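Student: This is what each chain is made of:
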Amino acid sequence: MTVTQAAFKAAMLDPMSAVPTGILNPDGKPASKRFDVYRNNVAVGLSDALEAAFPVVRKLVGDEFFRAMAGVYLRQHPPKTPLMMFYGDAMPGFLARFKPTQSFSYLPDIARIELAMRHAYHAADAAPIAAEALTALAPDALMGVRLRIAPATHVVSSNYPIHAIYRANTEPSAPKPVMRPEAVMIARKGFDPTLHPINGAAANCIAALKDGATLGQTIASADDSLDLGAVLGLLLAQGAVTEIY
Amino acid sequence: MFDAIQNPTLPPCPGVGYKAQHYRDIMDHPGPLGWLEVHAENYMGDGGRPIAQLRHLAERFPISVHGVGLSIGGEGALDGDHLARLKHLISWLNPASFSEHLAWSTHDSHFYNDLLPLPYTTQTLDRVASHINQVQDTIGRPMLLENPSSYLAFTESTMSETDFLHALTRRTGCGLLLDVNNVFVSATNLKTSPQAYIDAFPLAAVGEIHLGGHDEDEDETGAPLLIDSHGKAVVDPVWSLLDYTLAKCGPKPLLIEWDTDVPEWTVLSEEIARADRALAMVAS
Chain A
249 MTVTQAAFKA
259 AMLDPMSAVP
269 TGILNPDGKP
279 ASKRFDVYRN
289 NVAVGLSDAL
299 EAAFPVVRKL
309 VGDEFFRAMA
319 GVYLRQHPPK
329 TPLMMFYGDA
339 MPGFLARFKP
349 TQSFSYLPDI
359 ARIELAMRHA
369 YHAADAAPIA
379 AEALTALAPD
389 ALMGVRLRIA
399 PATHVVSSNY
409 PIHAIYRANT
419 EPSAPKPVMR
429 PEAVMIARKG
439 FDPTLHPING
449 AAANCIAALK
459 DGATLGQTIA
469 SADDSLDLGA
479 VLGLLLAQGA
489 VTEIY
Chain B
-3 MFDAIQNPTL
7 PPCPGVGYKA
17 QHYRDIMDHP
27 GPLGWLEVHA
37 ENYMGDGGRP
47 IAQLRHLAER
57 FPISVHGVGL
67 SIGGEGALDG
77 DHLARLKHLI
87 SWLNPASFSE
97 HLAWSTHDSH
107 FYNDLLPLPY
117 TTQTLDRVAS
127 HINQVQDTIG
137 RPMLLENPSS
147 YLAFTESTMS
157 ETDFLHALTR
167 RTGCGLLLDV
177 NNVFVSATNL
187 KTSPQAYIDA
197 FPLAAVGEIH
207 LGGHDEDEDE
217 TGAPLLIDSH
227 GKAVVDPVWS
237 LLDYTLAKCG
247 PKPLLIEWDT
257 DVPEWTVLSE
267 EIARADRALA
277 MVAS
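Residue numbers (my numbering), protein chains in the order written: chain A, 249 to 493; chain B, -3 to 280.
No lab work stands behind these hints, which were simulated from the structure alone. On a predicted model such as this, the values are computed, not experimentally measured, just so you know. Just so you know, even glycine gets a beta-carbon here, dropped at the ideal spot from N, CA and C. Treat the hints with care, since some could be wrong.
Claimed, not checked - A few chain A positions that, by computed beta-carbon distances, are all more than 10 angstroms from chain B:
no., residue
1, Gly293
2, Ala371
3, Arg428
As the list claims (entries may be wrong) - Derived, one-sided and incomplete: chain B residues facing chain A with beta-carbon distance under 7 angstroms:
no., residue
4, Glu37
5, Ala80
6, His103
7, Tyr108
8, Thr151
9, Glu152
10, Met155
11, Thr158
12, Lys187
13, Glu260
14, Trp261
15, Val263
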């Protein structure tokens, strides 16, 4: 009796299904509790990875809820690569669709922040340019240049106060969130990613710079809530500009 | 083809599975620690602290890279992207050793993060041998293959695990990583003799030994069911089985594996010291 890996996998992910025929304990009897070792290892291993990846989402929904939700997630979205440090990339979309979390409209954006922090932690090292290299440019020349943004730099924009919610769940005496749209930049100066509140216009500007827009183009497509000087100051201070081109 | 015995590069002394929280202790108080093992997949990001730490550690200690994600026992082809990541890691780090498991973990492009078992047949032997050859050709060096922890048996198996491993070493030139705790766990679970397993094991191909802790449970018949957890101290019967093994094969690079509920460095140091004494006993 051949046990295909497809049959093994299907039974492993469905605790209610029978153990595939052809798998026995040493006495020649069906090995159900022994097969459960694999069921348990896989579910616990993947749930643990999700808990490690999304501590703030977990705190917001509660440990027990998160564990149950992880059991659903891992069956719908098993990892696509063996790089467990990036497991959970589908979590924002899952949280938006999953019925019990649909009313927590800010959760997907919190998950996006946590994913961005993870990716920032493992991103390629990149040497920043000195601020003078940019400030030395004449205003006309400045508008025509593009900035290479460090790979650890990410932005997340939301209709919800995601920075305040994130802080309230990671810092002991953070202020209470007030309902309003918020955006954040994640950057990594050294080895530890940090979170910086920015406005929506700044988030769009940084995203456009990452995509290769010139400084002039980012201004042309922005409304007057964009303070380009402040955005550049933040990027330079966080070591997030690696080249002018 | 490679010669598994050429390049015995890890020193025959205690090593430990590296955990970032022990970085400072390892640098400041290594004791008899002679080398470190890291999980390949944890160092396949593009940069940041993990890679920087590994570069520092590699300046001081021989490194063993231990993969958990290649799915060498998988029915499907090996993941080309993952092989490329492994090749990159091996090429910049130039570790003393690379090892993986006799197990599968990926099916239909999904990775299940566990070491899943395979039956031992001529068909699975062909498949595993071809995957090992592909890995060795990709990284340009022989690898070590680790014996698994078994919880159950396949009716379709036609050969013993030790015969299967022996055949693989002959066909691919790979070496073996002998996990003595896995031998004890499997023998208990399958009601066989752990000493007989060691007697039948191709010890000449062993390039590294693993020791770790396991959990104790029972199956539905009340029979003991040991689970390889790497979350506890090594138990006395496993230390005895280690002594039995070392008496037959001589000193080997000997790793303490502790991956879950990782303790303080002082606790791990005691395990390392005990591993050092076991090696010293057989060396003298």
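Student: So, for every hint listed, does it hold in this structure?
Tutor: Going through the hints against the structure:
Interface exclusion of Gly293 (chain A) from chain B breaks down, the closest Cβ pair being 4 angstroms apart, not more than 10 angstroms. Listed as outside the interface, Ala371 (chain A) is inconsistent with that label: its C-beta sits roughly 6 angstroms from the nearest C-beta of chain B, within the 10 angstroms cut-off. For Arg428 (chain A), the requirement that its beta carbon stay farther than 10 angstroms from each beta carbon of chain B is met, with the minimum near 33 angstroms. For Glu37 (chain B), the interface hint holds, since its Cβ comes within 7 angstroms of a Cβ in chain A; the closest pair sits about 5 angstroms apart.
The criterion of a C-beta within 7 angstroms of any C-beta in chain A is not met by Ala80 (chain B), whose closest approach is roughly 12 angstroms, and the hint is violated. For His103 (chain B), the suggested interface contact is upheld, since its CB lies about 5 angstroms from the closest CB of chain A, less than 7 angstroms. For Tyr108 (chain B), the interface hint holds, the least distance from its beta-carbon to any beta-carbon of chain A being 5 angstroms, beneath 7 angstroms. Because the beta carbon of Thr151 (chain B) sits about 5 angstroms from the nearest beta carbon in chain A, less than 7 angstroms, this interface hint is met.
For Glu152 (chain B), the interface hint holds, the least distance from its beta-carbon to any beta-carbon of chain A being 5 angstroms, beneath 7 angstroms. Interface hint at Met155 (chain B): violated, since its Cβ lies 15 angstroms from the closest Cβ of chain A, which is beyond the 7 angstroms cut-off. Because the closest C-beta pair between Thr158 (chain B) and chain A is about 17 angstroms apart, greater than 7 angstroms, the hint is violated. Below 7 angstroms, beta-carbon pairs count as interface contacts, and Lys187 (chain B) has one with chain A at about 4 angstroms; its hint therefore holds.
The interface hint given for Glu260 (chain B) is broken, as the beta carbon of that residue sits about 20 angstroms from the closest beta carbon of chain A, more than 7 angstroms. The restraint placing Trp261 (chain B) at the interface with chain A is violated, with a minimum CB-CB distance near 21 angstroms, outside the 7 angstroms limit. For Val263 (chain B), the shortest C-beta to C-beta distance to chain A is roughly 21 angstroms, which exceeds 7 angstroms, and the interface hint is violated.
Checked against the numbered hints given earlier, the structure breaks hints 1, 2, 5, 10, 11, 13, 14 and 15 and satisfies all the rest.
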